[in-house]
Amino acid sequence: MVIDERKMRSLAARMAQAEVRGRSPWADARRRFFRNKAAMAGLMILVLVALFAIFGGQAAVWSNEELDFSVMGQVATMGAPSWSNGHYFGTDDLGRDLFARTVQGTQISLLVGIVGAGIAVIVGTLYGAVAGYVGGRTDQAMMRLVDILMSIPYMFVLILLLVMFGRSMSMLFLGIGLISWLDMARIVRGQTLSLKNREFIEAARATGVPTWRIITRHVVPNLLGVVAVYATLLVPLMILTESFISFLGLGVQEPLTSWGALISEGAGTMNYGTLWQLAFPLFFFVITLFGFFFVGDGLRDALDPKDR
Amino acid sequence: MTRPLLTVRDLRVSFPIRPSGAMPWTRSRLLRAVDGVDFTLPAGQTLGVVGESGCGKSTLARALIGLVPAKGRAEWIDGADLIGLSPRRMMAYRSQIQMIFQDPLASLNPRMTVGQIIAEPLATHRPDLPRAQIRDRVKAMMDRVGLLPSQINRYPHEFSGGQCQRIGIARALIVEPRLIICDEPVSALDVSIQAQVINLLMRLQADLGLSLIFIAHDLSVVRHISDRVMVLYLGKVMEIASSDDLYSNPQHPYTQALLSAVPVPDPSQDPAARIVPLRGELPSPTDPPSGCVFRTRCPRAAARCAAEVPVLAGSDHQTACHFPGPLTAQEIARARTVEAA
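Protein sequences appear in the order of chains A and B. Counting along the first sequence from 1, when you hit position 169 you're at 169 in the UniProt record's numbering, and nothing is skipped either side. Counting along the second sequence from 1, when you hit position 337 you're at 337 in the UniProt record's numbering, and nothing is skipped either side.
Just chain A, with the same shape it has in the complex (with noise of 0.2 Å):
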C-alpha cells in the first residue's frame, strides 16, 4: 500500500505539472516566412496598398464624382498632378479627381480579387476534398463535371453573362466566383489522393470516425498549406481577369470603377499628354500583383520547406 500511495501521489505530481506549450507546424511556418525578405516586402506592399484602399478616402480633397470645372476642357495642361489644387494623381478626362478614383478602383479591384479567391478555397478545397476522399464514381463524376465546366470557354461565358443579365458587381462575382474554384478543385483532389493512404487517415478510419470529420479535422488542415499558396496566386488573377473585362468595357459600370477600367480610359488619352491617367493605376496593379506573387513564393517556401 506504501507503494501505491507513493506511485499515486508522483502520478498526481506528474499530472499537475504545467503543460509544455506545443510548436505547431503553422508556428514554424510563420516564422520561417516572417525571415523571408521579399515575402515580407510583399506583405508591407500589401499592407500599404490596403490602408491606401482603406484610408485614402479620407486624405482625398475632392470625391470621386466631383467635377472639377475649373479643369474641364483642359485637362491637358490643368489637369496635370499638384499639390496646389488637390489633385494629388490629377485628374481624367471629364475632371474627376484621379486619387478619389484610384482609391475607388483599388477598392474595387481588390474586393473582386479577395472574393474570387475566396469563392475558389471555400468552394474547390471542400469540392475537391470531397471528391479525393471519397473516390470511385463519386470521384469520376464530380471531376468530370470540373472537366466539361473547364473546356468551356470562361472568358466566353463570363462576357455572354454580362451581356445578357446586365453589369453589375454581383454578375461580376457570380462569373467569376464560377470559374474560380476549378483549378483549385483539381489541385485538392490530387492532394487528396495522396493524403488518403497516409497512416494517420488509416488510424482515423480504424476507430470509426465518421467521414465528414476525417475530411474537416485530418484531411483539409493537411491541405491548407498548398490552398494557401494557391490563393495567395489567385488573388492576381482574379484581378488581372476582372481587369481585363473591364479593359474590354464590360466589367465594373460607371460610377464604379476598377484598376482594369482606369487603365484602360488612361492607355486611351495617353497619346494626348496626359500619361499620370495611365500611369498611377498601372503603378498600383503591379505593385499589388508583384506583393501577391512574393507573398506566395514566400508561403510556399515556408509551408513547404522540403519541396526546395
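Calculated directly from the structure, the hints in this document are not laboratory data. Just so you know, these numbers come straight off a predicted model, no measurement behind them. One or more hints might be untrue.
Partial list, derived from the structure: chain A residues whose beta carbon lies under 8 Å from chain B [as the list claims (entries may be wrong)]: (1) A18; (2) R21; (3) G22; (4) S24; (5) L195; (6) E199; (7) E202; (8) A204; (9) R205; (10) A206; (11) G208; (12) V209; (13) N222.
Heads up, the beta-carbon is just placed ideally off N, CA and C, and yes, glycines get one too.
Once you have looked at the hints, place chain B on chain A.
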C-alpha cells in the same frame, strides 16, 4: 473451455486488378491477398504473424479491422461476425479492436497536438464525456505509456520515433480495447527502442488483459512476445503452432527456410551450414501456383504438391504441407546446388 476472443474461419481478401488502359468491359483479374486464413485467438494471448513482404500480413490486419472488404467469418467472443457487419453495428466493435501502425510518425496527424490525437477515439466513441474528463484520461494514459503528461500540447514532430509509437499505443488504449492489432509496430525503430516498446506492450498486456495480434518480419521479436505464431506465405497459412514449438520444431519447409535465415549472434557458428536457400522470387498473387503455393520454391516439392492443395492439419501444431518434417541435410545440399546453378 472458454470461448476464444476471436475465431477466424476461411478469411479471404481479394482485390480486382485492372491492367492500365483496359477497356471498361475487360474482366479484371483477382489478386488474392489473403486466401483462406483460419486461426483462433484466446483472450489475453498474443498471436504472432510472420512472413515475407507481400504475403498478406498487413492485409489480414486491415481486413479484421474493416478497412478492406473481406469474405469469410471472424467471430468475436459474443458471437457476432465482424465481417460484413453494417458500419453502424461495426461501430460498437471498433472501440474493442484498435490498431498500432508501422510508421510511428506517419500514423499521427502532423497538424494535431498529442492530446487531440490520443483523445480522438475517445471523442468518437464516448461523445458524452465532458472535455475536462477526456483531458484527464488522456494525461493518465500518457503517463501509463511513459510519456510526460505535461507534453499534451506538443505536436508529433517534436517527439522521437519511440515516443511517437508510445503516442500511437496510448491512442489505441484510450478506449479500453480487448484486442490490439500491431502492424509491424517496431520495424521502424532502432533496436534499443524496439525493446522498450515491446516491453511496454507486454506490460500493458499483462495489466489490462489485452489480446494482441502482432505482425512482424523480425522473427526473434515475434518469438519474444507471442504465445502462438502463424506463418503466412502468399496469403495462405503455412504453419501455426505455439511459439516454442514452432521455433524449436518447425515442420513446414518454408518455416524452416525462414528460421534458418535469422541472423545468429555467434560468428563462430558457420551460418552457411544451416541456411536453406529459397530459389526464385515470390510468385505473383494474381497468378498463384496450383496445389501448394510454396511448391515452386520448395526443396521437397513433388508431383502431389502441384496437384493437390494441402490443408492445415494437426491439432495444436498445424501444418499445411503434404510432406511435413525437418529437412534432411541431403535436401538442403540439393537445394543449394540448384541455387548455385
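Taking the hints in turn, this is what the structure says about them:
no. : hint : result
1   : A18  : holds, 6 Å
2   : R21  : holds, 6 Å
3   : G22  : holds, 4 Å
4   : S24  : holds, 5 Å
5   : L195 : violated, 10 Å
6   : E199 : holds, 4 Å
7   : E202 : holds, 6 Å
8   : A204 : holds, 7 Å
9   : R205 : holds, 6 Å
10  : A206 : holds, 5 Å
11  : G208 : holds, 4 Å
12  : V209 : holds, 5 Å
13  : N222 : holds, 6 Å
Going through the hint list in order, the structure does not satisfy hint 5, though it satisfies all others.
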